[in-house]
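A.B. asks: Chain by chain, the residues run as shown.
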Amino acid sequence: MERAATAAEPLDDLLPAPVLSLQRAVRFGLIGGMAAVVVAAIGMVETFEARTLIDPFLALGLTTLYLASFTFGFVAGSPPPEREGFAKPKAGLRSLAAGAIAGVLAGVVLSAFMLLADAVNLRNIFVSVSPQLLELLTFGKGLGTGILLVLVVSTAVGVAGSAVHLIPAQVRRPIMYTVMWVLLVGLLQSVIEPVFRGLGLPSLIDVLYEEAGGLRLAGVVIVAAAVFLLSFFLGGKGRALQGRLDALPAQRRRSYISILLLVAAAIVYMIPRVVGPFLSEVLDLAGLYLLMALGLNIVIGYAGLLDLGYVAFFAVGAYTTAILTSPNSPRFTPEMTLWASLPFVVLAAALAGLLVGTPVLRMRGDYLAIVTLGFGEIARILLNSDALKETFGGAQGIINIPNMVIGPLTVRGPEVFFYPIFIFAILAGYVSLAIQNSRMGRAWMAMREDELVAETMGVNIVAAKLSAFVVGASLASIGGALFAVKVGSVFPSSFNIVVSITILVLIIVGGMGSVPGVTVGALALVALPELLREFNEYKFLMYGILLIFMMLKRPEGFIPSKRRALELHQDEVLQDAWLQIYGDEETGPQEEGV
Amino acid sequence: MPLFRTEGLTKSFGGLRAIDSLDMHVDEGEIVSVIGPNGAGKTTFFNLVTGLEKPDDGVIEFDGQPIVGLVPSQIIKLGIARTFQNVRLFPNMTVRENVMVSRHCRTRSGLIGAVLRTPAFRREEEETRRIAEDTLGFFGTRLVGYRLDQLALVLSYANRRRLEIARAMASSPRLLLLDEPTAGMNPRETVEITELIGKMRDEKGFTILLIEHDMRVVRGVSDRVVVIDYGRKIAEGTYEEVAQNEQVIEAYLGRPAEKGA
Amino acid sequence: MTTATVGKKRASRLNFTNLFRWVVGSVAVVVIFYGSIKSVASGRLSWAQWRDLMVFGVAQGSVYALIAMGYTMVYGVLRFINFAHGEVFMSGAMIGYFVADALNRAGIWNEQPVVSLLIVLLVSMTTATSIAVILERVAYRPLRGAPRLIPLITSIGASFTLQYLFRGLFGAGTKAYPPMAAIQGKWIIFGIPILKSQVIVIGSAIVVMAGLYLFVEKTKTGRSMRAVAEDPETAALMGINVDGTIVKVFAVGGAMAGVAGALWTLVFPTVNFFSGFLPGIKAFTAAVLGGIGNIFGAMLGGVSLGMFESVGPSLVLGGYEVPAFNQLKDVVAFSALVLVLIFRPTGILGERLAQERG
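Residue numbers (numbering that gives the first Met the number 0), protein chains in the order written: chain A, 0 to 593; chain B, 0 to 260; chain C, 0 to 357.
Check each hint, because a few of them may be wrong.
What the hints assert, rightly or not - Subject to a maximum C-alpha distance of 16 angstroms in a straight line, what follows is the list of computed EDC-like cross-link-like pairs (lysine to aspartate or glutamate):
| # | chain 1 | residue 1 | chain 2 | residue 2 |
| --- | --- | --- | --- | --- |
| 1 | B | Lys-53 | B | Asp-19 |
| 2 | A | Lys-388 | C | Glu-320 |
| 3 | C | Lys-328 | A | Asp-385 |
Unchecked claim - The following residues of chain A were derived to be distant from chain B, with all beta-carbon distances above 12 angstroms:
| # | residue |
| --- | --- |
| 4 | Pro-55 |
| 5 | Leu-95 |
| 6 | Phe-138 |
| 7 | Pro-201 |
| 8 | Leu-260 |
| 9 | Pro-342 |
| 10 | Met-446 |
| 11 | Met-456 |
| 12 | Val-469 |
Said to hold, decoys possible - Covered stretches of chain C, as calculated for chain A (at least 3 residues, CB under 8 angstroms):
| # | stretch |
| --- | --- |
| 13 | 142 to 149 |
| 14 | 167 to 177 |
| 15 | 222 to 235 |
| 16 | 263 to 270 |
| 17 | 333 to 344 |
Note that these hints are calculated values from the structure, not bench results.
Predicted, not measured: the structure shown is a model, and the values here were computed from it.
Virtual Cβ for every residue (Gly too), placed ideally from N, Cα, C.
Looking at chain A on its own, in the form it has when it is part of the complex:
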């Protein structure tokens, strides 16, 4: 370390310290402006404006629009990355200036778009560019004043974005949390209200929210105060608690953990009762996706096989269940119970896994992706076809799938269905974690890392690949069975490529190989758009952007999360550097002995 610093010092005089560049600010301003225009032109602003965040003056539409100015103001104002041996770059007035430039330019681009939309009727092409949109963008003040306002607001927001860099680090976090939480609480009104009602606190709703929608100012103050205080006092306490738990003697720790588990179970038991049918429905859906994501996580995250036709196994599960249990299935009606059919369902999926897995055994990763995609499409077309209508019911699908029966209990309705889905998801999570640290799990990961070496080290590639496909397919088929029973019918249209891609997005955003990550991913990416209907329309666009963003900025999402925490050790790197400098000259030409 000592040496590195002294060696770098003279360079400080030779090279100018990195500074904020005007070019960067201009570039990000223009990009931000274009982002804002796209947000407006795809109709997001208009659709989102229906959701009020803070009662009189802040709704989601314009917030989303100016988020572009804010983000790119933030990026433009960010000080250049620290370089070893150089003075640490500081954010200052230059940051604010950069943010202002970015904000102004974003405003200019947006204004240009508004002028164009005013002059020419773009509606024949861009379906969402309506007079209403224009009115919204001009704050209802007419074009001239409107454009002036846009420029002012955009600049202010850009400056605000860059000003984030000026806030001292220890205050920044509580402030950011507070702002985020206030917006989130405003956004999630439709979630929070039924929860409060279920908890028996309807009076709190009136304090927080306006009846027509949006947080009241009093609500804003309450939420902000609560979050600020909590983050200020509780920040970092979680880890301390964990440490204290670890320090306890084993027996007491075990009893504490079992108490915690009991409490958790009680909370889980209460969830559907508290949140009501609509939220339970959404949680059920997220749970089904979670179940499948855990299965695909084994195939992609552990074994590194990019399967894009995963929905086929989901379909196999759903259709096998439907055929075996429904009295209406066309060809074959054994009318089993769900539990009797489940072994056959898993068996069918395992066979399907072998069927898909065997042809792709010797294929390169990218070909594998396309071929599995092809299999997924083949499955959907076959289910939909008239040729196999006698078995699968064609486009009419199979209806009248009986309810799940547990002993004397009939599982009906989203609130009750929450429990089986939750239990199966927990089981799938357990299976994933158990396999990860086992002989087969290691074999899969070795194969993911380097197939050839894994084989040389004794991993039977055929067995490893097929077993990954089979385990993944089995988990998906259980998801399919639950789905079929829950909905009571199956149709081919439920099983298209979009489902596969959604699951892929979940595990990539959640962090490949990471079970908690996938869980959070399922809640955020599946449940949220269901809760906020206006998001649903743009959900796939967001998924696409998320995939690109994750790959560009966080490709370590590929690495299982527990490993991400492991740090790179400085001494090892220095050792390497030393080797490069001194290794060669002392070793000398190697054939000298002969």
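Assemble chains B and C onto chain A, guided by the hints.
C.D. replies: Okay, now just chains B and C, sitting in the frame of chain A:
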């Protein structure tokens, strides 16, 4: 009977004969070095032995059994393990896991056992872990302790090489193929590896076949040296014998007649 | 311990993958052969009908071939499947529609058919080229040298983004190109009556692909593309601007997709945000079928796939009297992809790739 033997082994790529009717053998407990100029076919030879490539012709026998046509995972199970010239670890797995992988062929627990945590599974897992840690302990303190849970990708170059050797050793092989174990190492580390190679034979009982460019290592450890050039064996014997062989010197220093080739 | 087990049980030499290939291969050959014989023998379709199916297949296949150029050239240079290429194709057809619609409303569409078609073609090419180049710059360039699956997943994201961006901008509805009187009806070519639109498609595809071939083989830019495909590092050392060349590869691929987009609408005159998906996958199949990285291969693969798809269902499935077999034509195309990758992953003409780079 030798532990390992090849006869008439031949492999061509297109028109190029990488290995040309090669006969060689390794006796149990021997350390044999394979040397030769760059491109002489040494690594191809290892690839043929470990099943990564199929020979066009010839016999490879291990422990009296022909092994041509077996897949790599079967070959390591029979007891031949190798390292790679350009270190190939599993970068996103921990040091311990890297080594545990190579126990795959000596263990049998399946998915069901892992999910149910059967006693047999836990016993085997425990044993695999112990063997992995013991094997890493063979390299002193370099790969144990906190290193066990580090990802292989953060290791220094020399430690990666050591880890790769440990990974091969943990599969309990009878014949260990080391492909340039000291390439890119500094002199101190080279000496250390040279000593370790001897120790591997003496303490662990491995038979070792090694490709090496560093003649100090070759001189230090080999019972016998085989020189290959253009896929053919051009000399064989003790280090001193081959070092004075005319053909060998020519192979290394160039043939005046073929200078332009 | 090891010796004991070895002595008892000799390792098996039976190769599971090869066995599987044999079984699948024999079954496929028998099924296809028997179905075709039955189908031809039944005389359900006349010779003229078979011929029309084939011509249609060739027309459709030439469009696949044009799209396949983008896959094959990008794969040749960067070794990755640009999954979003189907959307590049769709973007050309989509923007082309708005121009066609405007021309129609201005009354030019039917009065000046040649000019109109050329304008649509030009717009489609420009759009597709720009989208391909932007895609390269924004999504793929930062990932140069990343592990293989990362750019692939990025391109899946790009494909989704483009689809739903177009949906958001232009609406979810299917847009129908205005009918053009001048290209209705048939021309007699070598005594065979062929739909005019199909003649235009096939003819233009041949001209464009011949141009592309000359461009890649004879021009300096083409030479640098081939050099980069062979070995980017060496090419860079030889003074070739690798990034610039890659942009050009994307641009040329995009332009081909743009031509394909314009021609496609002559055969299937509708477009929506999802229309790029299936032709994209099929064009990729065509590229693999012909041997990826190989321009001639992509042409051959495209035409073969188009033929399989149009003739295959009637010929094979018709023989087994499968009801509504035309619904299954995509199954035929995907099965072709799977079978090719199982039996000849290097394609009909073989890959033109330098050896695997590490």
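A.B. asks: Are 3 or more residues of the stretch 222 to 235 of chain C near chain A, judged by a Cβ distance of less than 8 angstroms?
C.D. replies: violated (count 0)
A.B. asks: Does Met-456(A) sit more than 12 angstroms from chain B, CB to CB?
C.D. replies: 5 angstroms, violated
A.B. asks: Regarding the assertion that Pro-342(A) does not contact chain B, is the least Cβ-Cβ distance greater than 12 angstroms?
C.D. replies: 14 angstroms, holds
A.B. asks: Take a quick look at Leu-95(A) and tell me if its Cβ sits farther than 12 angstroms from every Cβ on chain B, holds or violated.
C.D. replies: Label holds. Min Cβ-Cβ 39 angstroms, cutoff 12 angstroms.
A.B. asks: So is Leu-260(A) really clear of chain B, every C-beta pair being over 12 angstroms apart?
C.D. replies: 18 angstroms, holds
A.B. asks: Need the status of pair Lys-388(A), Glu-320(C): alpha-carbon distance at most 16 angstroms?
C.D. replies: 14 angstroms, holds
A.B. asks: Given the hinted pair Lys-53(B) and Asp-19(B), is their Cα-Cα distance within 16 angstroms?
C.D. replies: 14 angstroms, holds
A.B. asks: Do at least three Cβ atoms from the stretch 333 to 344 of chain C come closer than 8 angstroms to Cβ atoms of chain A?
C.D. replies: holds (count 7)
A.B. asks: Against chain B, does Pro-55(A) hold up as non-interface, every C-beta pair farther apart than 12 angstroms?
C.D. replies: Since the minimum Cβ distance to chain B is about 52 angstroms, Pro-55(A) lies beyond 12 angstroms and the statement holds.
A.B. asks: Can you take a look at whether the stretch 142 to 149 of chain C is actually covered by chain A? Rule is 3+ residues, C-beta closer than 8 angstroms.
C.D. replies: Three-residue rule met by the stretch 142 to 149 of chain C, so holds; n is 6.
A.B. asks: At 12 angstroms, judged by beta carbons, does Met-446(A) keep clear of chain B as stated?
C.D. replies: 9 angstroms, violated
A.B. asks: Would Pro-201(A) pass as off the interface with chain B, using Cβ distances and a cut of 12 angstroms?
C.D. replies: 45 angstroms, holds
When held up to the earlier numbered hints, the structure conflicts with 10, 11, 12, 15 and 16 and fits the remainder.
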